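Kindly generate the complete structure, drawing on both the sequences and the hints.
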Amino acid sequence: MRQVAIIGCGQTKHSSRRRDVSVAELVAEAVYNALADAGMTMKEVDGIVCGNMQGFGGVAQPDLWLGDWVGANNKQVIRIATGGTTGGSVGQGALYAVASGRFDVALAVAWEKHSDSKEAGATTGLMHVGAGNLFLALNYGLSLKNLIATTAVGAAAGVAVYQARCYMHRSGCTIEHLDMVSAKARRNAAKNPYAHLQWPNCQPEDIAKTEIVAYPFRYGHICPASDGASCIVVAEEKIARKKCKQPAWLKGLASYSDEENQLQSEGYGGVGVIDPSEQMGARMSAKKAYSMAGIVDPKKEIDLAEIYQPFPSQELIFSERLGLFDEGTAWRYMEKGETDIQGRIPISVSGGVNATNAIGSSALQRILESALQIMGKAGEHQAPKKIKNAIAHGWGGVTNYITVTVLGDSPRR
Amino acid sequence: MKGKVAIIGYGQSHHQFDINRTREDMVFDVVKEALKSAGISRADIGTVVTASSDFLDGRTISNVFLSMAVGAYLKDESKVEEDGTNALYYGMMKILTGAYDIALVEAHTMAWTFNPHQVWFYTLDPLVERQMGFDDICLSALQARMYMEKYGVSEKTLAKVAVKSLSNALKNPYAYRKLKKITVEQVLKSKRYYEPLTDLMISPLTDGCAVVILASEKKAKEVCEKPVWIQGIGTYQEDYLRDRDLLKLNSLKKAVKTAYNMAGIKNPRRDLDVLELSARFAHEELMIYEALGLCKEGEGAKLLEKGITARNGKLPVNPSGGALSADPICATGLIRVIEAVRQIKGEANGYQVKGAKRALAHGQFGICAQKNTVVILGGER
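In order, the protein sequence lines correspond to chains A and B.
Mapping the first sequence onto the working numbering, position 123 (from 1) lands on 123, and the numbers just tick up by one.
Mapping the second sequence onto the working numbering, position 294 (from 1) lands on 294, and the numbers just tick up by one.
Quick caveat, the hints were computed from the structure, so don't treat them as lab data.
Just so you know, not all the hints are guaranteed correct.
[Said to hold, decoys possible] Derived EDC-like pairs: lysine to aspartate or glutamate, alpha-carbon spacing no greater than 20 Å straight-line: (1) LYS253/B to ASP239/B; (2) LYS253/B to ASP46/A; (3) LYS287/A to ASP243/B; (4) LYS288/A to ASP101/B; (5) LYS257/B to ASP46/A; (6) LYS243/A to ASP20/A; (7) LYS43/A to ASP239/B; (8) LYS296/B to ASP273/B.
[Claimed, not checked] A partial selection of chain A residues facing chain B, derived with a Cβ cut-off under 8 Å: (9) SER15; (10) ARG19; (11) ASP20; (12) SER22; (13) GLU25; (14) LEU64; (15) TRP65; (16) GLY71; (17) ALA72; (18) SER255; (19) TYR401.
Everything numeric in this text was worked out from a predicted model, so none of it was measured.
Virtual Cβ for every residue (Gly too), placed ideally from N, Cα, C.
Next up, the structure:
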């Protein structure tokens with residue numbers, strides 16, 4: 001594999017309704033920010049890898065017409081979409097494209113403009129995940145109970161509730177800890193000019209005042225639906241060294257899923273009682289990515305993590321599954337402040353998905369924010385320690401589709 | 001290209017409408033067939049790339065429940081949302097990085113769950129073209145008319161393209177549109193959708209699935225007696241509809257230039273033995289001939305009329321019947337790749353082109369072929 005690095009990052013300001021721009025203008029805003037950051041023009045780019053969750057904006061293959069807006073016409077365009085992880089898969093697509101030698105410079109572009117749909121995409125769009133199984137149910141004669149269950153698991157909040165309960169039961173984490181994670185996300189977001197839910201000095205008590213939506217989640221725990229886009233410039237070694245003082249080098253990447261988990265579970269008519277906080281896909285992705293990166297002990301070697309955490313429990317669960325803490329202990333470290341910006345291992349210092357969720361773009365933003373920290377360009381939310389290795393995580397599918405990307409301040413050996 | 005990638009196995013479904021089978025049933029069977037043809041097991045697969053679209057599958061995150069059927073359980077995977085030839089491109093890139101030795105590439109469409117013509121309508125810019133009520137057939141009809149006017153091509157010639165494809169399809173066990181006797185008159189008399197396109201000049205949308213197994217050079221030589229090598233590949237997207245000259249297939253011209261350069265092809269008429277093209281409408285086949293450099297601009301019809309591109313002609317095009325005989329959208333390009341591989345391996349029973357050593361497969365996506373991918377395939381030389 002040839003050496004590959006991220007040399008430019010661009011994103012848009014996120015909010016519930018970006019009525020000032022169309023989806024094409026929104027995407028262009030991110031792309032031109034990234035190109036400016038890298039000091040490049042579209043002429044030097046071989047092609048783009050792009051994606052969003054197409055049902056959510058009400059347009060099929062929008063890249064066919066908005067490609068022109070970012071100068072992708074008469075270039076290679078590869079569209080990748082994998083649900084919540086779309087951004088992560090898009091980012092990895094661009095990294096592979098350059099690593100393979102087929103591209104020298106590629107853009108990864110991901111976006112979501114929820115406000116373009118009549119109803120919130122995350123509710124109606126995700127219902128279709130389950131509705132697709134209506135055919136399966138009719139074919140195999142599943143009972144109504146199971147059919148309802150399959151539809152319900154489609155919505156992210158639905159499954160995250162079960163996941164959080166399983167985790168809390170096994171680890172001893174309490175709802176107060178979830179308040180702390182969300183308060184941290186809101187506080188961090190206040191330092192990130194692009195974030196959506198910004199709340200300077202937000203405290204756990206502020207979150208605890210909000211009402212319970214579905215136990216254990218309070219209103220203050222849940223991510224927003226944002227309009228926004230992000231873009232990274234990926235280049236091969238020579239160009240990266242020429243164009244960028246401190247590129248963020250690719251060290252390892254993988255994307256594994258364990259959706260079988262869902263099909264085998266009780267709710268689907270299977271016989272297994274499977275814990276949705278188990279996350280075999282995350283464990284395996286991390287294992288593969290670490291072995292590519294030559295990382296033996298992630299607890300010591302990873303300096304910063306950007307976790308895909310639309311719900312606060314997921315920051316705790318996934319930081320354990322990625323090997324940053326022992327099983328069931330992440331909340332203890334979080335409580336001590338070790339995952340704060342100035343802590344031992346800062347996690348989601350951008351505010352993460354909990355504060356900003358333009359779904360198709362969210363997992364690419366994790367890669368982008370990790371790269372910013374390595375490049376030292378994060379501004380007010382820059383972690384005060386030297387970041388040698390950072391891990392970017394994406395969560396999607398129904399419950400178990402994962403992307404993991406490890407970036408570093410020096411190339412892979 | 002540094003390093004080589006080979007196709008070591010393939011499989012395709014019988015392209016049809018079968019509402020008694022789920023998408024997972026269809027994909028599972030084809031994946032099994034492909035693994036069998038490669039002589040490997042699921043354990044040997046390193047990474048999986050699928051191609052489908054949420055709209056065409058009629059569900060959000062269409063890849064999630066497919067993981068198991070496609071053999072991706074606890075494996076690295078991704079999904080491209082366009083033609084299967086781009087999934088092939090992505091799978092190939094993953095192998096070229098050295099991260100994986102074997103990649104499984106899958107593409108499918110379940111046309112019965114969602115009307116694909118409706119989906120093409122949804123790809124239009126929602127603020128402008130969608131408001132005008134265009135659809136893919138009407139825009140292609142405009143393109144066909146422009147082409148016919150400019151180069152003096154008659155409706156009869158378009159009908160001949162359909163006759164050639166559909167009579168070839170008779171020998172293809174996987175094809176969907178099979179008519180016992182097919183004549184130019186019959187094509188012209190079939191239902192007229194938009195001037196000048198009639199039903200038989202338009203690709204029939206079906207359910208279908210195609211699977212190809214890719215391997216690195218080292219692995220291919222280890223597990224396969226007759227690997228077929230990807231000698232060249234190119235893909236491009238061109239301007240959106242309103243900024244585009246519909247008479248030109250610029251993205252195809254760029255894609256084929258890249259692919260020919262990689263494969264060292266200088267004279268395609270001489271260097272290629274057989275071609276498999278994704279022509280969704282009869283006139284597209286003629287335009288594609290020209291963009292590929294098989295003839296001069298405007299002379300596509302001559303190539304056809306002289307019988308050069310007939311199954312027993314000098315340069316057979318679509319001996320399998322092409323997209324006009326079955327068009328499961330995302331899979332169509334990958335099926336072309338499979339048909340090209342069958343020709344090179346001498347496995348195209350009933351429609352084998354004698355001595356085929358090098359083939360071109362073409363996939364497209366978007367209204368009026370906005371996006372094109374060209375793959376050059378060859379056996380041991």
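- Which hint numbers doesn't this structure obey? Checked against the structure, the hints that fail are numbers 3, 6, 9, 10, 11, 13, 16, while the rest are satisfied.
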